[in-house]
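Asker: Line order of the protein sequences matches chains A and B. Position in the first sequence counted from 1, then plus 28, gives you our numbering. Position in the second sequence counted from 1, then plus 15, gives you our numbering.
A few of these clues could be false.
What the hints assert, rightly or not - Some, not all, of what chain A presents toward chain B, calculated at C-beta under 8 Å: (1) G52; (2) N56; (3) N92; (4) Q120; (5) I152.
Rather than coming from a laboratory, the hints here were simulated on the basis of the structure. Cβ coordinates follow ideal geometry from the N, Cα and C atoms, glycine included.
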Amino acid sequence: MSYQDYLDDKKVILTVATTGGIHGKNVNPNLPEQPEEIAEHVAACEELGAAICHVHGRDEHGENDASRLQAVNDAIRERCDDIIIQNTTGGQSTLEARIAGIRTDPVPDMASLDMGPFNRGQHIITEHNRHNIQTLAREMKEKGIKPELEVFNNGHLNEVYQLIETGLLEEPYYINLIFGTGTFSIPSPENVLNLVRNLPENSEFNLLATGPHQLPLTTLSPILGGHIRVGMEDNLYFRRGEPVESNAQLVERTVEIVDRLECDLATPAEARETLGMN
Amino acid sequence: MTCPRLEYRAADDEHEFDHVRPYCTVTKEFVSPMKADICNDRFDFHHERHCDVFKARAETPPADDD
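All chains, please: the whole structure from these sequences, using the hints.
Answerer: Encoded structure:
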């Protein structure tokens with residue numbers, strides 16, 4: 029979790045977040061929503077070097093539907109070699125729907141675990157309290173699912189420390205630092221540095237930033253010893269005014285940047301080892 | 016109860032899709048997945064309380080209501 033890690037040739041874990049729960053094809057028709065589409069995008073990204081895929085389920089209308097994660101997982105397993113599947117337990121739904129993300133058969137290698145609620149629009153709040161968080165963390169621990177701790181803002185890092193105290197997490201803690209608008213951490217290099225400085229010991233961090241912040245802030249991550257998440261969940265444009273064509277387009281750019289930084293990407297097997305998933 | 020302003024359409028003037036998607040007949044736009052939860056009164060959402068578009072429309076005289 030430091031510049032020294034970068035100098036020591038630490039490998040970078042690249043996650044692709046293909047779809048998310050916020051946007052639809054009406055905003056960018058290239059956004060994959062259905063299981064086969066998602067699996068096609070994931071396979072292309074694995075080929076380029078992504079080690080983890082973060083996925084959501086959508087129904088036939090493009091609306092959020094956690095019950096479709098099973099079909100998404102099945103399609104990915106059919107098309108991909110070894111990429112780590114990370115199901116969402118996020119969104120604005122009930123605990124029951126969130127838990128669906130860790131009750132697929134087989135269970136996913138990983139799952140996201142939001143560290144608290146966030147606001148969207150005037151009335152949407154992703155209700156998520158400590159009871160829900162601990163319920164999900166407990167089931168993940170019992171099933172051997174590695175949680176990615178979603179830190180939407182600085183206060184959520186306090187929640188990580190609180191959750192560590194419960195004994196429900198195993199080292200290394202995998203923390204996803206999130207930068208963007210609204211309830212997310214204000215996107216700036218200074219805030220990235222501040223959050224990285226305040227991470228718990230024995231943790232690995234991932235970094236995602238939304239929209240135009242994706243490119244600059246994710247580029248900062250490996251230099252600080254962190255990992256990278258890109259994809260159409262977080263960013264629907266390749267550059268200003270130019271809609272992104274595919275998840276692979278974003279992944280390909282990141283692979284090139286990581287290469288120019290003279291870093292290597294972790295394979296899925298290496299990512300499992302780094303994150304203590306073996 | 017689903018919002019009476021919600022329809023499911025496969026196309027509008029700008030888009031054409033393989034499947035029908037949630038469409039707001041007030042804004043004349045397709046609706047995002049998160050917003051569609053409000054339109055469909057899912058979870059603890061209710062369109063009459065939580066949709067600004069619906070509320071604004073309800074407060075407007077229906078002169079051009081189609």
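Asker: Given A:N92 as an interface hint, is its Cβ closer than 8 Å to any Cβ of chain B?
Answerer: Since the shortest Cβ distance to chain B is 5 Å, the answer is holds.
Asker: So, as I understand it, the hint says A:G52 touches chain B; can you test that by seeing if any CB pair is closer than 8 Å?
Answerer: 6 Å, holds
Asker: So, as I understand it, the hint says A:I152 touches chain B; can you test that by seeing if any CB pair is closer than 8 Å?
Answerer: Holds: closest Cβ of chain B sits about 6 Å from A:I152, inside 8 Å.
Asker: Please verify that hint: A:N56, Cβ, nearest Cβ of chain B, below 8 Å or not.
Answerer: 11 Å, violated
Asker: Is the interface hint satisfied for A:Q120? The criterion is a beta-carbon contact with chain B at less than 8 Å.
Answerer: At about 6 Å, which falls below the 8 Å cut-off, the nearest Cβ of chain B leaves the hint on A:Q120 intact, so it holds.
In summary, the one numbered hint that this structure violates is 2.
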